[in-house]
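*Asks:* Chain residues, written in single-letter form:
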Amino acid sequence: GDSVTQTEGPVTVSESESLIINCTYSATSIAYPNLFWYVRYPGEGLQLLLKVITAGQKGSSRGFEATYNKETTSFHLQKASVQESDSAVYYCALGGHSNNRIFFGDGTQLVVKP
Amino acid sequence: GPKVLQIPSHQIIDMGQMVTLNCDPVSNHLYFYWYKQILGQQMEFLVNFYNGKVMEKSKLFKDQFSVERPDGSYFTLKIQPTALEDSAVYFCASSTTGAGNTLYFGEGSRLIVV
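Residue numbers (the numbering used here), protein chains in the order written: chain A, 2 to 115; chain B, 5 to 118.
Derived by calculation from the structure, the hints in this document are not laboratory data.
Result set (DMTMM-like, lysine to aspartate or glutamate): computed pairs, CA atoms no more than 25 Å apart in a straight line:
hint: 1; chain 1: B; residue 1: Lys-57; chain 2: B; residue 2: Asp-28
hint: 2; chain 1: A; residue 1: Lys-114; chain 2: A; residue 2: Glu-16
hint: 3; chain 1: B; residue 1: Lys-7; chain 2: A; residue 2: Asp-87
hint: 4; chain 1: B; residue 1: Lys-7; chain 2: A; residue 2: Asp-107
hint: 5; chain 1: B; residue 1: Lys-63; chain 2: A; residue 2: Asp-107
hint: 6; chain 1: B; residue 1: Lys-82; chain 2: A; residue 2: Glu-45
hint: 7; chain 1: B; residue 1: Lys-66; chain 2: A; residue 2: Asp-3
hint: 8; chain 1: B; residue 1: Lys-82; chain 2: B; residue 2: Asp-67
hint: 9; chain 1: A; residue 1: Lys-80; chain 2: A; residue 2: Glu-66
hint: 10; chain 1: A; residue 1: Lys-52; chain 2: A; residue 2: Asp-87
hint: 11; chain 1: A; residue 1: Lys-52; chain 2: B; residue 2: Glu-60
hint: 12; chain 1: B; residue 1: Lys-63; chain 2: B; residue 2: Glu-89
hint: 13; chain 1: B; residue 1: Lys-61; chain 2: B; residue 2: Glu-72
hint: 14; chain 1: A; residue 1: Lys-59; chain 2: A; residue 2: Glu-18
hint: 15; chain 1: A; residue 1: Lys-71; chain 2: B; residue 2: Glu-48
hint: 16; chain 1: A; residue 1: Lys-52; chain 2: B; residue 2: Glu-48
hint: 17; chain 1: B; residue 1: Lys-7; chain 2: B; residue 2: Asp-75
hint: 18; chain 1: B; residue 1: Lys-7; chain 2: B; residue 2: Asp-28
hint: 19; chain 1: B; residue 1: Lys-61; chain 2: B; residue 2: Glu-89
hint: 20; chain 1: A; residue 1: Lys-52; chain 2: B; residue 2: Glu-111
hint: 21; chain 1: B; residue 1: Lys-7; chain 2: B; residue 2: Glu-111
hint: 22; chain 1: A; residue 1: Lys-71; chain 2: A; residue 2: Glu-9
hint: 23; chain 1: B; residue 1: Lys-61; chain 2: B; residue 2: Glu-48
hint: 24; chain 1: B; residue 1: Lys-61; chain 2: A; residue 2: Asp-3
hint: 25; chain 1: B; residue 1: Lys-7; chain 2: A; residue 2: Glu-45
hint: 26; chain 1: B; residue 1: Lys-63; chain 2: A; residue 2: Asp-3
hint: 27; chain 1: A; residue 1: Lys-71; chain 2: A; residue 2: Asp-3
hint: 28; chain 1: B; residue 1: Lys-66; chain 2: A; residue 2: Asp-107
hint: 29; chain 1: A; residue 1: Lys-59; chain 2: A; residue 2: Asp-107
hint: 30; chain 1: A; residue 1: Lys-114; chain 2: A; residue 2: Glu-9
hint: 31; chain 1: A; residue 1: Lys-80; chain 2: A; residue 2: Glu-18
hint: 32; chain 1: A; residue 1: Lys-80; chain 2: A; residue 2: Glu-45
hint: 33; chain 1: B; residue 1: Lys-7; chain 2: B; residue 2: Glu-48
hint: 34; chain 1: B; residue 1: Lys-61; chain 2: A; residue 2: Asp-107
Since the structure is predicted, the reported quantities are computational estimates derived from the model, not experimental observations.
With the rest of the complex left out, here is chain A:
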């Protein structure tokens, strides 16, 4: 089926350290999936961090980057230098071009220590 697997949290890093949260996907019913990273900051609703709809492309936002790798079916989230304000829960997700259903991973809680 269609599914997303991501790094199990919590992930704890110190401020200014680099970060990678792994995400791999399986898209059996979706020919050309769109890939997303959503984020939920404490006390807020889920919001889109970045989106990539074409294999081989990279998306970036707020210093975060993710590259859509069709060969390895991965969409890892990276940041070179995290800040305390990046502490949140990050969700990798995939969706189709021809339907409105989005499949979410379990979410990875990121804790950034000062």
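Since the structure of chain A is already known, use the hints to place chain B on it.
*Replies:* What follows is chain B alone, placed relative to chain A:
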């Protein structure tokens, strides 16, 4: 950014009673969604809604569930009657267009069925 509001933020209800969860989507959005997240599990798609009709629903969208959006009012999820396994956080989302478009989520309505 655009906000999706959900009312109530949490509710405790006796098994067998009816509950209505309300969602005020982003004003110019046309597509509406409900997702369900049981504690410790993935957020899963329930249903999407456009132009007054259910477009797609998952296996989780039981016969006891219904959705509607009377003109100019909330997009609602009604459960009648409720069961213990309906205890979860329900997230509403909306988007301007359908497939592949960015979803904007509310903060969720936590439902506890006792």
